[in-house]
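Please work from the sequences and hints to get the whole structure.
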Amino acid sequence: MEDYNNRPSSYLDDPPNSRLFLVTSKSITEDIIRERFSSFGEVQDIWVVKDKQTKESKGVSFVKFAKSSQACTAMEEMHGKCLAEGTKPIKVFIAQSRSSGSHRDVEDEELTRIFVMIPKTFTEEDLKETFKVYGDIEYAVVIKNKSTGESKGLAYVRFHKPSQAARAIENCDKTFRAILAEPRTKNPSVDNDYFNNQRSDHSGSDPGLNAYPFGQAMVRYSNLGSAVYAKEKLNGFEFPPGNRLCVTFIDDGEDRTSPIGKMAMQLVAAQMMSMVWSGPTGAQLMKTSAGYAAQSMPQKPRVQTDVALPAHKKLASSESVVKERLFVIFNPSPLPVDVLEDVFCRFGSLVEVYLVPGRNVGYMKYADRKHANDAMAALHGKVVNGVKMKVMLADPPKEESHKRQRTY
DNA sequence: CGACGGGACGC
DNA sequence: CGACGGGACGC
1 MEDYNNRPSS
11 YLDDPPNSRL
21 FLVTSKSITE
31 DIIRERFSSF
41 GEVQDIWVVK
51 DKQTKESKGV
61 SFVKFAKSSQ
71 ACTAMEEMHG
81 KCLAEGTKPI
91 KVFIAQSRSS
101 GSHRDVEDEE
111 LTRIFVMIPK
121 TFTEEDLKET
131 FKVYGDIEYA
141 VVIKNKSTGE
151 SKGLAYVRFH
161 KPSQAARAIE
171 NCDKTFRAIL
181 AEPRTKNPSV
191 DNDYFNNQRS
201 DHSGSDPGLN
211 AYPFGQAMVR
221 YSNLGSAVYA
231 KEKLNGFEFP
241 PGNRLCVTFI
251 DDGEDRTSPI
261 GKMAMQLVAA
271 QMMSMVWSGP
281 TGAQLMKTSA
291 GYAAQSMPQK
301 PRVQTDVALP
311 AHKKLASSES
321 VVKERLFVIF
331 NPSPLPVDVL
341 EDVFCRFGSL
351 VEVYLVPGRN
361 VGYMKYADRK
371 HANDAMAALH
381 GKVVNGVKMK
391 VMLADPPKEE
401 SHKRQRTY
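Residue 299 in UniProt numbering sits at position 299 of the first sequence, with consecutive numbering throughout.
No wet-lab data here; the hints were simulated from the structure. No experiment lies behind these values; they were computed from the predicted model shown. Yeah, the Cβ is synthetic: ideal placement off N, Cα and C, and Gly gets one too. One should not assume that every hint holds.
[Said to hold, decoys possible] In silico DSS-like links for lysine-lysine, alpha-carbon gap of 27 Å or less:
1. 120 - 174
2. 174 - 64
3. 120 - 91
4. 313 - 174
5. 398 - 174
6. 132 - 88
7. 370 - 313
8. 300 - 370
9. 55 - 81
10. 323 - 174
11. 161 - 91
12. 370 - 382
13. 152 - 128
14. 313 - 388
15. 323 - 382
16. 174 - 314
17. 390 - 323
18. 64 - 161
19. 132 - 144
20. 128 - 81
21. 388 - 370
22. 26 - 88
23. 388 - 314
24. 161 - 88
25. 81 - 161
26. 390 - 300
27. 388 - 300
28. 128 - 161
29. 58 - 26
30. 313 - 398
31. 64 - 88
32. 300 - 314
33. 128 - 91
34. 81 - 58
35. 88 - 128
36. 300 - 120
[As the list claims (entries may be wrong)] Cβ pair distances, simulated, as ranges:
37. 31 - 154: 44 to 50 Å
38. 26 - 99: 26 to 32 Å
39. 143 - 333: 33 to 39 Å
40. 160 - 333: 48 to 54 Å
Here it is as structure tokens:
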């Protein structure tokens with residue numbers, strides 16, 4: 001038996017759905033394929049399957065693109081085309097993952113519906129408004145509790161074309177956690193497919209090009225840098241999970257009904273000030289006007305300790321690269337996350353606090369190694385709110401096989 | 001002497 | 001009908 005764990009990437013396509021399966025006449029060569037497919041994106045590999053003995057093409061080829069959206073666009077554009085005089089029209093499909101073992105054609109049905117996490121206040125209209133930039137939406141549905149009608153904070157969006165869904169997954173704000181939806185199953189009792197691999201990792205691509213769902217809100221209502229931090233969960237889960245919001249308000253009295261504006265307001269109402277920071281996005285960011293950001297400032301957590309703490313500092317952007325993590329052990333029990341943020345932010349560049357559920361330990365993530373070290377030096381062995389902490393450098397997370405390193 | 005996150009549709 | 005090669009990281 002082989003050790004698949006060592007090199008599983010040989011059996012997967014990364015990112016998922018970025019490889020095409022072509023059926024062509026046997027006379028179609030790699031060069032012809034390259035010539036006709038390279039305009040759709042970064043072609044990383046072309047492989048014409050040939051007979052081992054005769055070296056003759058078997059009329060089957062694989063074209064690997066850098067991105068799923070490129071592969072999907074190429075499929076949509078090239079399926080049914082003739083690549084050379086007198087040859088049959090080609091067939092183009094998204095290739096089955098090598099690990100699947102299946103040779104069934106991948107249907108558009110499986111490639112056009114995405115599954116996203118949304119704030120519970122998000123309506124289907126909000127969804128459409130947010131995702132229509134990626135293409136024509138066939139429908140958008142929010143998953144709701146059947147009896148109460150309450151949103152579960154999850155939704156489906158069906159596009160007309162695979163390339164549109166792929167673009168949405170690649171480019172929408174990370175906080176939506178957009179992935180391709182599993183096809184509806186007739187039998188909802190059977191839970192998980194055995195091969196639950198590689199679905200969700202479309203991450204890691206140019207954040208600068210993202211269409212942030214709140215980017216507009218952020219810009220529109222943004223000014224006065226009064227960032228407000230709240231640890232509250234919004235209707236049961238954090239949204240965006242573990243991220244910071246930089247929301248400010250411009251009292252322009254308009255557009256409160258747009259999904260974006262509405263959401264901004266709802267978030268404010270919920271004191272859910274934890275927004276992704278998308279970076280300077282243009283002139284509107286310069287806009288400043290008197291606002292009323294101070295009014296929704298939640299009080300800071302009360303912190304009692306003998307440690308001489310530096311002044312409170314803002315958290316680093318949640319998009320920051322984590323350069324160092326501290327592993328903290330609490331005795332007898334963990335401190336609340338808001339208290340920990342308040343304490344550990346003071347050394348600078350704190351990106352996130354994560355408590356391991358059900359355990360007396362947690363991680364403090366820093367964008368700057370020096371700040372992590374300062375925090376460790378100042379806080380190791382110290383008592384905060386009656387809780388003694390051991391603060392040490394965290395071991396690196398256990399490698400999740402081939403997967404792209406998490407953002408922590 | 002402790003250790004690593006969250007997700008599903010009444011057919 | 002039409003499905004999986006080749007190359008080889010560097011403590």
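Identify every previously stated hint that the structure contradicts and give their numbers, smallest first. Of the numbered hints, 3, 6, 20, 30, 33 and 35 do not hold.
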